[in-house]
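Dock the two chains into a complex; use the hints.
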Amino acid sequence: MLKDITLGQYFPGNSLIHRLDPRSKILAVLIYIVALFLAKNALSYALLAAALLVCVAISRVKPAALFKGLKPLLFIVVFTALLNLFYIRTGEVLFSWWKLVITVDGVQTAIFMVLRIVLLVSSTFMLTYTTAPMALTDGLESLLSPLKAFHAPVHEFAMMMSIAMRFIPTLVEEADKIMNAQKARGADFENGRLTERAKALLPLLIPLFVSAFRRADELAVAMESRCYHGGEGRTRLKQLKMAACDWLFLLLSSALVVGVILLKRVTL
Amino acid sequence: MEPIISVRDLHFTFPGESEPVLNGLSMDIDEGSFVVILGRNGSGKSTLARHLNGIFRPDSGSVLVAGMDTADDSRLLDIRRTVGLVFQNPDNQIVSSVVEEDVAFAPENLGVPSGEIRRRVDEALKAVDMYDYRLHSPHLLSGGQKQRIAIAGVIAMRPRCIVLDEPTAMLDPSGRREVLDTVKRLCRRDGMTVVLITHHMYEAADADKVYVMSHGKLALQGEPREVFSNAELLRAEGLSLPDTTELVYRLREAGMKLPEGLLTVEECARAISAAIK
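Chains as they are written, first to last, in this note's numbering: chain A, 1 to 268; chain B, 269 to 545.
Pulled out of the complex, with its shape left as it was, chain B reads as follows (with noise of 0.2 Å):
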């Protein structure tokens, strides 16, 4: 199957700076899968998050987005209704007064008549668990449901990828819990591509496949299990290790015994008890 996001050899270099920010990065992104992308502050995830739906072009390389080329002005609409981009501070990409007619805005964008418009809108936001909300002024909800907000607001425009640019760093635990549950359930039961950008590593233990980003490249790439074993290579990263693969990764430096991958609780806790007796 064609993948439904492909870069190829992306460069980029912010106007009037010499450092590149994306230094010759490629990736497919399938269609359904659920990817997340690591990285500390200044790896160029943002970055390539912003070329994903054409707000950056390549200054050499291509992406392809269901075969279209985000350097093609004339596809541009195609390509943003194709891959909906969710940032981190929800305030920001609110523009409406009214939850519903926020939610709306981008189907309004498109030209869909107003029947259809109102369809999509309840859809979305019972999509995200907010359809109670619907009047409620966007300032007066908590974060986590204004992120919610604006994934629905992306959810409107039907895009076959949704990309979230750390949706969650703004966020207290329980906003981040409810924005990780929401994308995940239209990943596993509404089979939207789901990209999420994040630093927290626990985030990405159910992805289908991690990248990590490092200086404008991958560092790494795979299953959430491959990624995870390479310890030393994620702390080098600055990245924090899920408690589980920390735990495993001490007792081995201790000189215990214990087989690679194991990611889950109960893995962990199995190997270990095995390994003590």
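This is chain A alone, in the form it adopts within the complex (with noise of 0.2 Å):
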């Protein structure tokens, strides 16, 4: 039941997409996200989606990929439509019953909002769907490192990020091990209110935080005996390099944020 857990998983593929550098699809996507927020008309909506179907398109990550991602989202994005649907009250009124009242301005802001949190949403999916975690935290360590010069620990965050992505699915494992040894005892996991299913999670925990600390003393012994002395001096296997193709992306993106720009004085 554990295993089900799917964390900003990545879909392994050699699309173009996919050989781009960690850090121009990370800045790609802070760049996308800023245009979804400077976005004010239809047009704009549409050539930000239509950015988005192309980037999906040449990916080739599925459609269906994106539509589950997003399911868990679902409540937050009838909630928000509901509430601008009916909290909007200038402009022409649609329908109106009671106190309820639909104007042209609530629908279309409706619209807007969800397309953006639909947009934003999937944008950042793209991202941890077409890049291996480790070039991710790579990708995160080398446009961080200028941070280094405050002494802030770039290094050793991304090294966390990386050994805890390691261990995601050996404590899952684990976990479920622990969970069917208690089942095999009488524990009931799936029964009872929510403070008794709670407590029946302790004798879970418990064992689980035990083992994870006894796991990190090992590994710290483990990658001091393989040199480990942080991350001065360290070298690395494969080294991130922006080619043509990245500037390009990036300059694609950008031209997001003018076309958007422009597009604010076009009305329809």
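Think of the hints as simulated: they come from the structure by calculation, not from any bench.
Take the hints with a grain of salt, since some may be wrong.
[What the hints assert, rightly or not] Straight line, CA to CA, 35 Å or less: simulated DSBU-like cross-link-like pairs of lysine-lysine:
| id | chain 1 | residue 1 | chain 2 | residue 2 |
| --- | --- | --- | --- | --- |
| 1 | A | 238 | B | 452 |
| 2 | B | 394 | A | 238 |
| 3 | B | 394 | A | 241 |
| 4 | A | 148 | A | 238 |
| 5 | A | 40 | A | 62 |
| 6 | A | 148 | A | 241 |
| 7 | A | 71 | A | 148 |
| 8 | A | 62 | A | 264 |
| 9 | A | 68 | A | 238 |
| 10 | A | 177 | A | 62 |
| 11 | A | 71 | A | 40 |
| 12 | B | 394 | A | 177 |
[As the list claims (entries may be wrong)] Short, incomplete list of chain A residues facing chain B, as computed with Cβ under 8 Å:
| id | residue |
| --- | --- |
| 13 | 134 |
| 14 | 224 |
| 15 | 241 |
[Said to hold, decoys possible] These stretches of chain A come out as covered by chain B in the derived footprint (C-beta under 8 Å, 3 or more residues):
| id | region |
| --- | --- |
| 16 | 46 to 56 |
| 17 | 225 to 234 |
No residue lacks a Cβ here, since even glycine has one placed at the ideal position from N, Cα and C.
Listed below in structure tokens is the structure:
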């Protein structure tokens, strides 16, 4: 049951998007989000949606995977849509009954808000779907490295992230094993009220924590044995390199921001 | 020739405990040899392993690695790249979610240029016969394969000596076989010094030298034949004898006249058939 968890899942592939430098992908997503927040009219939303669809098509990520990722957000999306639909009372009235009023502006804002959330989440999903977790942390480390000047522990942070990712499957497997062992002895994780279920988790969490600490200790010794001594003087097997297509990708993303700003003047 | 590792009168007690774990232990390990250290749980063999690359420091006595004292902080990195350590649980020594990046970890720490890292990683993965798995995720591999990845991760430092602390304890028989074959090949073909720490006697049969530890000291040392012929002492140490040695021991107890120092199945069979005639 725990194995179903997919955390920022990565779909291996060899498309143009997959091969981009992780740094340019991270930056492009940030630029895209800026563009999203600047977008004010239907044309600019259409432009941004089209840009994302092109990326999805190039990367050959299945649209079904994107929808699956969006599913947990369904409640927030519907909630936002309804709020905007009923609270905005400017513009031409389309429908009115008792205290409920729906206006043209309301409908428009609701659609825009839904689009904004969906595009924002989808674009970040595209980043994790097409970038291997290790590449992602390498990219983050490299992008944040200017902060080292302020003694920010950037390397340590990236190392922690990649070790955490390495140990997720190991700990999930272990949690499953402990759960089965407890179930075999009559533990019940599924029934009862919320407080009861939370209490039932204790016998799972305690051994899991104890074992995680033991693992951490052993891992630290193993890392030291392999000459780990912090980020200083460390080289990498795969050096990140910005190629021409990375710069082009960033240029195109920036063009989106410019496009959205220009489209602001256009009224339909 | 100067031994690669030289341990002199090593004493060590864990902070806050009264019983010493290592109590006056000395040994010399020759370069290029295959050495097995035997002992039951609590005999201090894992603690000894952690002294061989400076993870622990002696309370008194000394450990010299290629002439460098492990008590000398300034040589610690050189010591650790000379003696690589492989541990019992492969899961807890793999740092990366991609096999080749894990193997690259040590050379990355040593500041090796990236082209050279690539060469070392490929070479190390080929040496343990895991090159085809270089892009796999370690958690999907079997125990024996993970342990070979851990060994590759150490070989990529190009150490002169590799110390393995019960590397087969958590593996099934086929995983055990894989790891032992790999380790023996590294020693015999590539000339690497191998120190294998275990409580399985049969893993010691091919060793150049066997040490038996008991209560932080050496109880026995010598070639496998000499050591295995001390059946009583080994039994008292809680070590189970290899099948052949066990058989010969029992037959002799029952009054059959058999020579000492029989080790392989063929030797045994010949000696027994000669005795029956």
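Hint check against the structure, violated hint numbers in rising order
Going through the list in order, the structure violates hints 7, 15 and 16 and respects the others.
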